[in-house]
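**Student:** Let's have the full structure, built from the sequences with the hints guiding it.
At position 98 of the sequence shown the residue is numbered 98 (the UniProt record's numbering), and the sequence of numbers has no breaks.
Bear in mind the hints are in silico, worked out from the structure with no lab data behind them.
Computed from a predicted model, the values in this text were never measured in an experiment.
Please note: incorrect hints may appear among the correct ones.
Cut-off 20 Å, straight-line C-alpha distance, at most; resulting in silico cross-link-like pairs (DMTMM-like, lysine to aspartate or glutamate) [as the list claims (entries may be wrong)]:
1) Lys65 with Glu135
2) Lys65 with Asp128
3) Lys65 with Asp137
4) Lys45 with Asp128
Here are the computed distance ranges between Cβ atoms for each label pair [unchecked claim]:
5) Tyr178 with Leu64: 17 to 25 Å
6) Gly126 with Glu174: 35 to 43 Å
7) Thr206 with Val145: 19 to 27 Å
8) Cys132 with Gly195: 38 to 46 Å
9) Arg104 with Thr200: 41 to 49 Å
10) Arg104 with Thr206: 35 to 43 Å
No residue lacks a Cβ here, since even glycine has one placed at the ideal position from N, Cα and C.
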Amino acid sequence: MPLPRRLSKVRIHFHPSWVPVIPIIAWFVTLWALLGWWLNSGRPKLPSMEESIAYISDIGATFLKPLFIVGCIITGLGFFATLLVDALLRRAGILERAGRRRVRWISYASIASSAVGAIGLIFLSGFDTLRCPTEHDAFLLVFMVGVIFSAIFTILEYAFLLRSPQVHRTRLLEASFYGKILVFLVELGLAIAFGICLNTNNLYNTGAIIEWIVAFVFEFYLVTFWMDLHPANAVIERECGDVEARVVDPTMTGTAGAGRTLVAPRFSHPRGIGAPAVTAAPAGAPPMASVAPAPAHANATTLQADGVPSYPTPTATIPARSAGTLEPPRVTIPRLAAHKPAQAAIPVRA
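**Tutor:** Rendered as structure tokens:
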């Protein structure tokens, strides 16, 4: 298969920090779309309203119900996927991890609780407060309980992480931890106040205001997970995500290919790049002049028994380790200079 003529670059872009950004944007757009329509419509009293200020579910039960359902589905699944990706990256060693079994079980409990909360959020959007008020309130309770327990387990996990001597404490990790605690305490207090307002007849409007505040504060809880996953971007780009695979065109002659480098080749061939094929001459063929096969590359210093050139092997230099630090080995890949293609044998009549 012929190689491309130009220098090819293969890039893989996967930034884990984008996983929480999706539910953040979806939830933000959903809330402002619902609130903006109600305010621009002159604050009408909807069929399911018993107060003058609309709840989120009251607006979501109108013709905007499809938007409300889609926003809740993306937010719920995105919240679950965020915790799952965070756990997988820590298990793979890309993010900081404590390495203890109980920390892993706490992480699993947090993921399971987030799944329960996501299910509650999705179903409460389908069972609207106008047609199915009982089911809506039940799934609202499921959503709140799932998110609260998920936050508790997540905070415990991060507390063990920061206490572990194996974990390198960074300002971003500490800010994420304390941010989760702050958001959790605010949301817990607002949830208690919201429950009190729902059971008090003259506090329905206050309960509606608290519900909108709780919904918007939930955005900041998702932002803390963006802070957790952001350091993984650089690690994945360096290790396996943003690697350039550069291939030197074997048909280039002169100095056009000089100075080209082969960085992290994504393919290998036992005969080497540009190695000439060796075939036996048919019987009765005229004698041919003996022409030594040219090396496939200027960096090929020797020829093996079958005529395949041998190339210099990349070397790895392991630096000295100081106390408490461990540096990765530095791999040096030799530069490949320009080369000419192998000359074919020219038959010579006797």
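**Student:** If a hint holds in the structure, say so; if it doesn't, say that too.
**Tutor:** Hints and how they fare:
{"no.": "1", "hint": "Lys65 with Glu135", "in the structure": "16 Å, holds"}
{"no.": "2", "hint": "Lys65 with Asp128", "in the structure": "8 Å, holds"}
{"no.": "3", "hint": "Lys65 with Asp137", "in the structure": "17 Å, holds"}
{"no.": "4", "hint": "Lys45 with Asp128", "in the structure": "16 Å, holds"}
{"no.": "5", "hint": "Tyr178 with Leu64: 17 to 25 Å", "in the structure": "37 Å, violated"}
{"no.": "6", "hint": "Gly126 with Glu174: 35 to 43 Å", "in the structure": "40 Å, holds"}
{"no.": "7", "hint": "Thr206 with Val145: 19 to 27 Å", "in the structure": "22 Å, holds"}
{"no.": "8", "hint": "Cys132 with Gly195: 38 to 46 Å", "in the structure": "20 Å, violated"}
{"no.": "9", "hint": "Arg104 with Thr200: 41 to 49 Å", "in the structure": "43 Å, holds"}
{"no.": "10", "hint": "Arg104 with Thr206: 35 to 43 Å", "in the structure": "42 Å, holds"}
Hints 5, 8 from the list above are not met by this structure, while the remaining hints are.
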